[in-house]
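Visitor: One-letter residues, chain by chain:
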Amino acid sequence: MNWQGWAEIALTLGLAVGLGWPLGVYMSRVWNGERTWLDPLLAPVERLFYAAGGIDPRKGQTWIGYAGALLAFNAVGFFLVYGVLRLQGVLPLNPQGFGGLSPHLAFNTAVSFVTNTNWQSYGGETTMSTLSQMLVLTVQNFVSASTGAAIAAALARGFLANKGDDVGNFWSDVIRTTLWVLLPLCVVVAIVLVALGVPQTLAAGVTAHTLEGGEQKISLFATASQLAVKQLGINGGGIFNVNSAHPFENPTPLTNLITAVSINVLGWAAFFAFGRSVLARKDVRALVVAAMVLLSAGAVGIYVTETQAPPAQVAAHVDASVNMEGKEVRFGAPSTAAWAAMTTGASNGSVNGMHSSLMPLGGGITMFLMQLGEILPGGIGSGVAIMVVMALLAVFVAGLMVGRTPEYLGKKIEAREIQFAMLAVLVIPLFMLGFAAVAAILPEALKGLMHAGPHGLSEILYAYVSGTANNGSAFGGLTANAPWWNVTLGLAMMFGRFAPIVAVLAIAGALAAKPKLAPTAGAMPTDGGLFVGLLIGVILILGGLQFFPALALGPIVEHFQALAFVASSR
Amino acid sequence: MLSHLRPALVSMGLFTVLLGLAYPLAITGAAQAAFPAQANGSLVHDRNGQIVGSALIGQVFVKAEYLHGRPSAAGDGYDASASSGSNMGSLNDKLIAREKTDADALRAEFPGAVIPADAVTTSGSGLDPDVSPAYARLQAPRIAAARNAPRGEVLAMIDAAVKPPLLGFIGQPRVNVLELNRALDERFPMVG
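Top to bottom, those sequences are chains E and A.
Residue numbers for the first sequence follow full-length UniProt numbering, beginning at 1 and rising by one.
Residue numbers for the second sequence follow full-length UniProt numbering, beginning at 1 and rising by one.
Hints listed in this document are in silico derivations from the structure and should not be mistaken for laboratory results.
In this text, a Cβ means the ideal position worked out from N, Cα and C, and glycines have one as well.
Hints are not guaranteed to be accurate.
To be verified - Only pairs whose alpha carbons sit at most 25 Å apart, straight line, appear in this in silico DMTMM-like list of lysine to aspartate or glutamate: (1) A:Lys94 with A:Asp76; (2) E:Lys516 with E:Glu34; (3) E:Lys447 with A:Glu153; (4) E:Lys217 with A:Asp159; (5) E:Lys163 with E:Asp319; (6) A:Lys94 with A:Asp79; (7) E:Lys412 with E:Asp527; (8) E:Lys514 with E:Asp166; (9) A:Lys163 with A:Glu153; (10) A:Lys63 with E:Glu212; (11) A:Lys63 with A:Asp159; (12) E:Lys447 with A:Asp93; (13) E:Lys516 with E:Asp166; (14) E:Lys217 with A:Asp46; (15) E:Lys163 with E:Asp39; (16) A:Lys94 with A:Glu179; (17) E:Lys516 with E:Asp527; (18) E:Lys516 with E:Glu407; (19) A:Lys163 with A:Asp46; (20) E:Lys217 with A:Asp79; (21) E:Lys514 with E:Glu444; (22) A:Lys100 with E:Asp319; (23) E:Lys59 with E:Glu212; (24) E:Lys217 with A:Asp185; (25) A:Lys163 with E:Asp319; (26) E:Lys59 with E:Asp39; (27) E:Lys514 with E:Asp165; (28) A:Lys94 with E:Asp319; (29) E:Lys163 with E:Glu414; (30) A:Lys63 with E:Asp527; (31) A:Lys94 with A:Asp104; (32) E:Lys412 with E:Asp165; (33) E:Lys217 with A:Asp93.
To be verified - Which chain A residues face chain E? A few, computed with CB under 8 Å, are given here: (34) Leu5; (35) Tyr66; (36) Asn148; (37) Met190; (38) Val191.
Kindly generate the complete structure, drawing on both the sequences and the hints.
Guide: Structural data, given as C-alpha cells:
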C-alpha cells in the first residue's frame with residue numbers, strides 16, 4: 001500500500017460521485033420533461049417513437065399499467081435477443097463464422113442482457129458474431145439501463161403525488177432516458193476511448209507474424225461503441241472473454257480511470273435525479289453518504305487484502321507485497337481494488353482483474369457488496385430505488401422503537417409499503433442461497449467447478465449472488481455453459497430483476513394514493529448523521545445476518561487456511 | 001397487456017435500428033476516419049509492412065535475446081483470440097506449484113536476485129503487454145549476453161522504456177515488452 005494507491009482509489013470513487021451530481025440534475029430534467037439543450041436534435045426522434053408506437057406520452061399510467069408496459073417491453077426484448085442468438089449462424093455480419101447458440105445458452109444470455117445483468121456463460125471473442133454484439137447485446141445494454149432508470153422516475157412521482165394514482169408514462173421514461181442521457185454520453189465516451197486505443201472495426205481480426213516467427217491471431221470487434229454503454233449503462237458484459245482486463249477494452253491507466261468512473265457515474269446521477277425530482281435533495285444526500293461510506297469501506301478492504309502476502313508468492317519466495325495473479329501490470333492492486341468495489345457495488349459486473357484470484361477476503365468483499373442489494377450506487381435508478389426501500393425499512397424500524405407512525409419524504413409509511421419492501425429484499429436471498437444450496441449437493445452442478453473446498457463453494461455462491469443481484473461478474477473458474485447453470489442462473493436473474501421492480505412500482509402506487517404531508521417537528525429527521533447511521537445499520541444487518549453463515553464457509557474459512565499456509569511457508 | 005404490445009414492438013424495433021445499427025456504425029465510421037491506427041487494433045508493422053503484432057497485446061517471447069513477458073493463461077500462451085486468466089484461487093495447488101517452478105528457474109538463471117511478482121503470476125487477460133520495470137531489469141544480463149551488448153546500455157534502454165503512472169499516481173510503472181524488443185532488434189541486431 002502506498003499514497004499513490006490511496007490517491008488513485010479516492011480519485012476514482014470521488015470523480016464518479018462528483019460528476020454524478022450535475023448529470024443527475026440533467027437526468028431529472030429529462031424525466032420531468034423540462035427543456036434541455038439537446039431538444040432540437042432529439043425531440044423529432046422522440047416524436048417518431050410516439051407516432052409509430054401509438055403512444056401518448058402525456059397520458060399517465062397507474063402502477064399496474066406502468067409495470068405491464070415495462071414487462072411487455074422487456075418480454076419483446078427477450079424474444080428478440082433469443083431469436084437472433086439462435087439464428088446467429090445464418091444471419092449476416094458474422095465474419096467470425098460462428099454458429100447459433102444452444103437453447104440453454106441463448107436463454108441464459110437473453111435473460112442476462114435484458115435484465116441488465118450481463119452474466120456471460122460464454123467467451124465473447126469465441127462465441128458472439130459482430131451482428132450479435134451490435135444488434136442485440138448493445139441495444140439491450142441501452143434499454144435495460146433505461147428500464148432501471150424508469151422505476152426511479154416512477155417512484156419519485158409516487159412520493160410527489162397527492163392522493164393520485166399516476167406514476168408517469170413508462171414509454172416516455174424509457175425513450176427519453178435512452179435518447180437524452182445514455183446515447184449522447186456513450187457517443188462521447190466511445191470516441192474518446194477509440195482515441196486512447198480501443199478498437200472499433202467491423203473486421204473479425206488479423207493474423208500477426210510475431211518477432212519470434214510465430215503466428216498470433218488477434219480478435220477485433222466494434223469494441224468502443226459497446227464498451228461505452230457496457231460501463232455507462234452499468235451492464236458489464238465484456239466484448240472479450242476477460243472483459244476490461246483485456247488490453248483492447250482497457251489499454252491504459254487513463255482508459256481505466258474513464259471506464260471505472262463510468263461504472264458508477266450514472267448510478268449516482270440517478271440518486272441526485274431522484275432527490276431533485278422529489279424535492280428532497282438533503283434526504284437523498286443522506287442516502288448518497290450512506291452508500292459512499294459502504295462503498296469506500298469495500299474499496300479500502302480490497303486494497304488492504306490485495307497487498308497482504310499471497311500464499312503462492314510466499315511459497316515461491318518471490319516478492320509478496322502485492323497479489324499479482326489475475327492482475328494486469330498496468331493496473332496493479334489500487335486500480336483493481338477500486339474497480340472490484342465499484343463494479344460489485346454497482347450492478348455492473350465488468351472486471352479489470354480476475355475476482356476468482358483475489359485474496360480470499362478480497363473475493364468475499366466483492367460478494368458482500370453484491371449481497372447488500374446493489375445499492376452502492378447500484379444500477380441506474382434501480383440502485384436508488386432499492387436504497388429508498390432500505391430507507392423505508394430504516395424509518396419503520398425507528399418508528400417501532402419510538403412508537404410513532406413512520407414518515408419518509410412527506411408520506412406515511414404503513415403496512416402495505418413495508419410488505420412490498422420486504423418482498424423486494426427477501427426475494428434476493430431466496431434465489432442467492434436457495435439455488436446455491438441445491439447446487440452445492442447436485443453432481444450435475446458440481447461438474448462445472450474448478451476448485452474443491454471453500455473456493456469451490458465460493459464459485460457456486462458467487463454465481464448465484466451475481467446472477468440474482470443482476471451484477472454479472474463471476475469467479476471465472478466455474479464452467480457455467482451447461483444446462484443446469486444456464487437455466488438456474490437465468491431464473492435467478494429474471495426473478496432477481498423483476499420481483500423487486502414490481503414491488504418498487506407497487507410501493508410507488510401505494511405512496512401516490514396517500515396525501516402529501518407537510519413536514520412536522522414530530523417526524524424523525526431523515527437527512528442527518530443519525531439517519532445515515534441507522535440506514536447503514538439496517539443495510540448491514542439485512543446483508544450480514546442473511547449471508548454471514550454462507551460467507552463463513554467460503555471466503556472466511558479460506559482466509560484462515562491462507563493465513564496458516566503462509567505462516568508455515570515462510 | 002395487449003395494449004402494450006404495439007408500443008413494445010415498435011419501440012424495440014426503432015431502438016434496434018438506432019442503437020444496434022446506426023450508433024455502432026456511426027462510431028465505426030468516425031473512428032476509422034479520425035483514429036484509424038487505434039480503431040484497427042494499434043497494429044505494429046515491420047519494414048516490409050507485415051503485421052508483427054499489436055502494441056497493446058502481449059506475445060510469446062522465449063528466446064534469450066528478447067525480454068520475456070509474464071506467464072499467460074490465454075490458450076497455449078498469449079492466444080489473442082481466446083483471452084483468459086487462470087482464475088485460480090489463492091490456495092490452488094497448481095498455482096502454488098507453477099509459481100514455485102517458475103521462480104526456481106528464474107533463481108537458477110539469476111542467482112541471488114529478488115524475483116518480482118509479475119514474473120511468476122499470470123495476468124487477468126493472459127495478454128498483458130507489459131512487465132514491471134523490476135522484471136525487465138532482472139532480465140538485462142541475459143539479453144545483453146545473448147546480443148553481445150553492454151549490459152549498461154540494455155539497462156539504459158529499459159529505463160528509458162519505462163512508462164510512468166499517469167500524473168505520478170494513476171496506474172503502475174511498466175515496460176511494453178514488444179516495443180522494447182523491437183528497439184533491441186534495431187539497436188543490437190542479432191547477427192546471422
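Visitor: Each hint: holds or not?
Guide: Quick rundown of the hints versus the structure:
1. A:Lys94 with A:Asp76: Cα-Cα ~16 Å, so holds.
2. E:Lys516 with E:Glu34: 23 Å, holds
3. E:Lys447 with A:Glu153: 53 Å, violated
4. E:Lys217 with A:Asp159: Violated, because 31 Å separates the two Cα atoms, which is more than 25 Å.
5. E:Lys163 with E:Asp319: Distance ~66 Å between Lys163 (chain E) and Asp319 (chain E) Cα, so the pair is violated.
6. A:Lys94 with A:Asp79: 21 Å, holds
7. E:Lys412 with E:Asp527: Status holds; Cα separation ~17 Å.
8. E:Lys514 with E:Asp166: Roughly 12 Å between the alpha carbons, so the hint for Lys514 (chain E) and Asp166 (chain E) holds.
9. A:Lys163 with A:Glu153: Status holds; Cα separation ~18 Å.
10. A:Lys63 with E:Glu212: Distance of about 8 Å is within 25 Å: holds.
11. A:Lys63 with A:Asp159: 21 Å, holds
12. E:Lys447 with A:Asp93: 19 Å, holds
13. E:Lys516 with E:Asp166: 14 Å, holds
14. E:Lys217 with A:Asp46: Cα-Cα ~17 Å, so holds.
15. E:Lys163 with E:Asp39: 32 Å, violated
16. A:Lys94 with A:Glu179: Violated - the C-alpha atoms of Glu179 (chain A) and Lys94 (chain A) are around 32 Å apart, more than 25 Å.
17. E:Lys516 with E:Asp527: 18 Å, holds
18. E:Lys516 with E:Glu407: 10 Å, holds
19. A:Lys163 with A:Asp46: Since the Cα atoms of Lys163 (chain A) and Asp46 (chain A) sit roughly 23 Å apart, the hinted pair holds (cutoff 25 Å).
20. E:Lys217 with A:Asp79: Holds: Lys217 (chain E) and Asp79 (chain A) sit about 7 Å apart, inside 25 Å.
21. E:Lys514 with E:Glu444: Violated - the C-alpha atoms of Glu444 (chain E) and Lys514 (chain E) are around 51 Å apart, more than 25 Å.
22. A:Lys100 with E:Asp319: 12 Å, holds
23. E:Lys59 with E:Glu212: 67 Å, violated
24. E:Lys217 with A:Asp185: 23 Å, holds
25. A:Lys163 with E:Asp319: With a Cα-Cα distance of about 21 Å, the restraint between Lys163 (chain A) and Asp319 (chain E) holds, given a limit of 25 Å.
26. E:Lys59 with E:Asp39: 20 Å, holds
27. E:Lys514 with E:Asp165: 9 Å, holds
28. A:Lys94 with E:Asp319: 19 Å, holds
29. E:Lys163 with E:Glu414: Distance of about 15 Å is within 25 Å: holds.
30. A:Lys63 with E:Asp527: 64 Å, violated
31. A:Lys94 with A:Asp104: Holds, at roughly 15 Å.
32. E:Lys412 with E:Asp165: 16 Å, holds
33. E:Lys217 with A:Asp93: With a Cα-Cα distance of about 31 Å, the restraint between Lys217 (chain E) and Asp93 (chain A) is violated, given a limit of 25 Å.
34. Leu5: OK, holds: Leu5 (chain A) within 8 Å of chain E, min 6 Å.
35. Tyr66: 7 Å, holds
36. Asn148: Not OK, violated: Asn148 (chain A) not within 8 Å of chain E, min 18 Å.
37. Met190: Hint on Met190 (chain A): violated, closest Cβ of chain E at ~11 Å, above 8 Å.
38. Val191: Result: violated, 16 Å to nearest chain E Cβ.
Consistency with the previously given hints fails for numbers 3, 4, 5, 15, 16, 21, 23, 30, 33, 36, 37 and 38, ordered from lowest to highest.
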